[in-house]
Amino acid sequence: NAGVMQNPRHLVRRRGQEARLRCSPMKGHSHVYWYRQLPEEGLKFMVYLQKENIIDESGMPKERFSAEFPKEGPSILRIQQVVRGDSAAYFCASSPPARDRGLSGLGTDTQYFGPGTRLTVL
Amino acid sequence: AQKVTQAQTEISVVEKEDVTLDCVYETRDTTYYLFWYKQPPSGELVFLIRRNSFDEQNEISGRYSWNFQKSTSSFNFTITASQVVDSAVYFCALSEADLLLVRTGANNLFFGTGTRLTVIP
Chain G
30 NAGVMQNPRH LVRRRGQEAR LRCSPMKGHS HVYWYRQLPE EGLKFMVYLQ
80 KENIIDESGM PKERFSAEFP KEGPSILRIQ QVVRGDSAAY FCASSPPARD
130 RGLSGLGTDT QYFGPGTRLT VL
Chain X
36 AQKVTQAQTE ISVVEKEDVT LDCVYETRDT TYYLFWYKQP PSGELVFLIR
86 RNSFDEQNEI SGRYSWNFQK STSSFNFTIT ASQVVDSAVY FCALSEADLL
136 LVRTGANNLF FGTGTRLTVI P
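Going line by line, the protein sequences match chains G and X. Numbering (our numbering) for the first sequence: 30 to 151. Numbering (our numbering) for the second sequence: 36 to 156.
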């Protein structure tokens, strides 16, 4: 029963290059979240996606960052023209679809996190 | 506005001591969820517990226990008889259950800044 998978685990880019981070959710999960963890800080929400839809991107920087979750394949977080300040750990989490929630109905399901991608911008 | 405060930045204890990690939260929602995650030195995030706002029962799981007190907006985490393997950064997180968002499933987590626990052998 594979967990959330992220690759690569480590990514080094030079300023101005593009970074592509991939996330495969747990089997049966259709909700994907991306978070960023700057050094010595907690995680900050970036974007929430369902298949082929961006539901909430309120935490995503307006420029250079984009995310997708296609019908087939992993979710991709793309950072164009990276800068040193983009150096961070990027975590993906997944949770099951709402219909699979228990009798509690409301709210939230547990998000299970991947191992993260550590991006270093030189 | 939501906020999670983990006032203890770093804690060191000697093996076998008990240790409590504090978490205080702020939310305007009446329905919300609280979580604890562990981040060991290897870097991944390990889910420990989820608690909803309607359930104030304390929970115990082996050496771990959680004390949820709505009156003080706290959700503290205690490790009994700590072990070296407990050394990690522990994060408390909050998710609100906005009824409109529930339909879409949106429930992004707001994290505290974490408490780094070091257990000394």
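Mixed in with the good hints there might be a few duds.
Stated by the list, open to error - 16 Å max Cα-Cα, derived EDC-like pairs, lysine to aspartate or glutamate:
1. Lys73(X) - Asp90(X)
2. Lys91(G) - Glu69(G)
3. Lys56(G) - Glu101(G)
4. Lys38(X) - Glu101(G)
5. Lys73(X) - Asp85(G)
6. Lys73(X) - Glu101(G)
7. Lys105(X) - Asp64(X)
8. Lys56(G) - Glu69(G)
9. Lys80(G) - Glu69(G)
Rather than coming from a laboratory, the hints here were simulated on the basis of the structure. As the structure is a computational prediction, the values presented were derived from the model and not from experiment.
**OP:** Below or equal to 16 Å on CA atoms is what counts here, so check Lys56(G) against Glu101(G).
**Re:** Given that 16 Å is the threshold and the Cα spacing comes to 13 Å, the pair holds.
Original post:
Given the hinted pair Lys73(X) and Asp90(X), is their alpha-carbon gap at most 16 Å?
Top reply: 22 Å, violated
Original post:
Can the restraint linking Lys56(G) and Glu69(G) be considered satisfied, given a maximum Cα separation of 16 Å?
Top reply: Roughly 31 Å separates the two Cα atoms, so the pair is violated.
Subject >> Holds or violated: Lys38(X) to Glu101(G), with C-alpha atoms at most 16 Å apart >> reply: 36 Å, violated
**OP:** For the pair supplied as a hint, Lys105(X) and Asp64(X), confirm whether the alpha-carbon distance does not exceed 16 Å.
**Re:** The hint holds at about 12 Å.
Original post:
Going straight from one Cα to the other, do Lys91(G) and Glu69(G) come out at no more than 16 Å?
Top reply: 24 Å, violated
Original post:
Do the alpha carbons of Lys73(X) and Glu101(G) lie within 16 Å of each other, as the hint requires?
Top reply: 31 Å, violated
**OP:** Assess, step by step, whether the Cα of Lys73(X) is no farther than 16 Å from the Cα of Asp85(G), and give holds or violated.
**Re:** 26 Å, violated
Original post:
Does Lys80(G) pair with Glu69(G) here, judged by a C-alpha cut-off of 16 Å?
Top reply: 32 Å, violated
Going through the hint list in order, the structure does not satisfy hints 1, 2, 4, 5, 6, 8 and 9.
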